[in-house]
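Asker: Residues per chain, in single letters:
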Amino acid sequence: MPENSVQAQGDRELTFAQAIREALAEEMRRDATVCIMGEDVAEAGTPFKVLSGLLEEFGKDRVLDTPISEAGFTGLAVGAAMTGMRPVVDIMFGDFITLTMDQMVNQAAKVHYMSGGKWRVPMVMRTTMGATRRSAAQHSQSLHAWYCHVPGLKVILPSTPYDAKGLLKAAIRDENPVVFFEDKMMYKVKGPVPSSDYTVPLGVADIKRVGEDITLVATSSMVQVALGAATLLEEIGISAEVVDPRTMWPLDEKTLIDSAKKTSRAIILDEGYERYGVTAELASVIATGAFYDLDAPVKRMGAMHVPIPFSPPLEDVTVPTEQTVFEAVRVLCGR
Amino acid sequence: MTTITQPKEASAKVELWLRMYRQMVAIRQFEAQVNELYTRALMPGLAHLYIGEEAVAVGVCEALERTDYITSTHRGHGHCLAKGASPDKMFAELLGKKAGYCKGKGGSMHIADPATGNLGANAIVCGSAGIATGAAFSARQLKNGRVAVCFIGEGALGQGVLYEVMNLAQLFKLPVIYVCENNLYTEYTHYSETTAGDILMRATAFGLEAASVDGQDVLAVHGIAERLVDRARRGNGPAFLLCNTYRYHGHHVGDINREYYRSKQEEQMWKTERDPIANFGKWLVEQNAADPTSLAQVQSELELEMKAAVDFAIAAPYPGVDEVAEDVYA
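Protein chains in written order, with my numbering: chain V, 1 to 335; chain P, 1 to 330.
The hints are simulated quantities; they were obtained by calculation from the structure and are not laboratory data.
Fair warning: there could be bad hints in the mix.
[Claimed, not checked] List time: in silico EDC-like cross-link candidates among lysine to aspartate or glutamate, alpha-carbon distance up to 20 Å:
| hint | chain 1 | residue 1 | chain 2 | residue 2 |
| --- | --- | --- | --- | --- |
| 1 | V | Lys299 | V | Glu322 |
| 2 | P | Lys143 | V | Asp31 |
| 3 | P | Lys13 | P | Asp230 |
| 4 | V | Lys118 | P | Asp230 |
| 5 | V | Lys169 | V | Glu274 |
| 6 | V | Lys49 | V | Asp31 |
| 7 | P | Lys271 | P | Glu326 |
| 8 | V | Lys118 | P | Asp214 |
| 9 | P | Lys13 | P | Asp88 |
| 10 | P | Lys173 | P | Asp230 |
| 11 | P | Lys173 | P | Glu209 |
| 12 | V | Lys208 | V | Glu13 |
| 13 | P | Lys282 | P | Asp214 |
| 14 | V | Lys254 | V | Glu212 |
| 15 | V | Lys254 | V | Asp197 |
| 16 | V | Lys299 | V | Glu274 |
| 17 | P | Lys173 | V | Asp61 |
| 18 | P | Lys173 | V | Glu281 |
| 19 | V | Lys118 | P | Glu209 |
| 20 | V | Lys118 | V | Asp174 |
| 21 | P | Lys98 | P | Asp327 |
| 22 | P | Lys13 | P | Asp291 |
| 23 | P | Lys143 | V | Glu253 |
| 24 | V | Lys118 | P | Glu326 |
| 25 | V | Lys262 | V | Asp295 |
| 26 | V | Lys118 | P | Asp322 |
[Claimed, not checked] Listed below are several chain V residues computed to face chain P (Cβ distance under 7 Å; list not exhaustive):
| hint | residue |
| --- | --- |
| 27 | Met114 |
| 28 | Ala145 |
| 29 | Cys333 |
| 30 | Gly334 |
For glycine and all other residues, C-beta sits at the position ideal for the given N, C-alpha and C.
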């Protein structure tokens, strides 16, 4: 595999997709109970080609093409996880998690608690999120907030190849059901990834950029938007700190609160719907935890409350951009 | 050789018959106590009684090994007991006590017990079909020779996920048997009003081995269950077993006035003519495998055992309030 030769060089750059593939391959080599199932995961390696090459190495018994039955194979994965396997299910588009709701919300999330801690469900659901791919209303949503709402599930939103690999490996080794949201617009983004074995612990936020004047809490692809906006802001003398929670649950509240206390202002950026979404929860954490240090109300920026439209000029205004974040910061800072 | 093994085989058979009789009586006595707990207002919430359907759970579970898996339903006490659960821990769970199978966090509809392969009862109709199929998938992957039985009611035939997992089970040749208990009523509605076409053809359409059986006849259920379990264990794939049975009580313990959906005459007919325990007892006497006195003794022994288990549960302490957030994550 070409990745192996890159890996041999030690310091190297991988795309987001390569980092995910490498995490899966390493965990499958390490643990024979890890298997992958989903629609077109085997020969096709998914429509995004994230899994290309895994079938060749691990065979059809561990990389399983399923029928188009999201509820069925997710439910199967729950039972398999309870009885000795560590399945990783692939839900091609995040919009399709609606079809898995009973299996994840009423089964996977509750089995451990309902059984008084006797049964465990060590499974991972990988799925996608993110708009601006011209895929219209049923292939563009970021619905991670729905799973964040459910006790018993862990939810991960990686923003870099490094985080994606380390968090996915941690998710596979976790004893709980974990949902892993990949922004499909980031699959080709490159970044440094160590060739050594490492994991990124769940529940530890990462400060992606240090700043003094405002905290931009950003998730997934919004981290890149926040970093772009921070560069623009630097030109007008505003120093923005970018904090990436990395996991929605468990949530590293302290890092968010400490950053907001330091800067006294905060904007939350997330590609899910703004109303009743992740931004509300994160804003509440900061508003409560940093109340006496804030110089302005915490602002939220998420997707507009509309189904994602197909037409490019319409779709582009539904999600935060570097420019809209730049403007929002200026207003919040009175500049 | 044959002259020596024949009596042994015969005595093993009688042992199995008497064990199945005892198990059915145990379930009925357990459920009688549950009803009593409800009417005496000692039990929080509701429960769904299995009385009348005992031959299904017992006939099927007697065909399984202890390490085989089952998933159960909201009407699940019978399945738990037949798979080997202890009545005292079950009653404790029904009363929300810490000594219960789930530390009181599950209740009547969520009893689970890894020691007996019980993956858990489920309060979502058809909610465990995926789990049972997944347990069979593990058995295939890990090559441990286990089989999974998915108990469902006929109400589950309306859920799409059942057909998704039957398709998967057949594609992956999984050792899973879907045991459908048709007790005629989907809650308060006769199943004929909710079920179109032919039930078995739904399974045969996917290539599953499918059969139906008199669910009031424990020997018939056991015989066919053995065949399907053996077939699955040998790697020949999933099966669907339709057991025709009847729920003597209401949908749950509080469903007392039922005449708007079924007649008292109908209930009486099943109780007097089709009772799985009475009919099997009569048959055992006819076979000289038991006499009426010994059968009556089984009844009274189990009644006492269940009363003792109830007393244990009533005396057991509740979990501490500080335990409410434990076990959310492993």
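Asker: Flag every earlier hint the structure violates by its number, smallest first.
Answerer: 4, 5, 6, 7, 8, 9, 15, 18, 19, 23, 28, 29, 30
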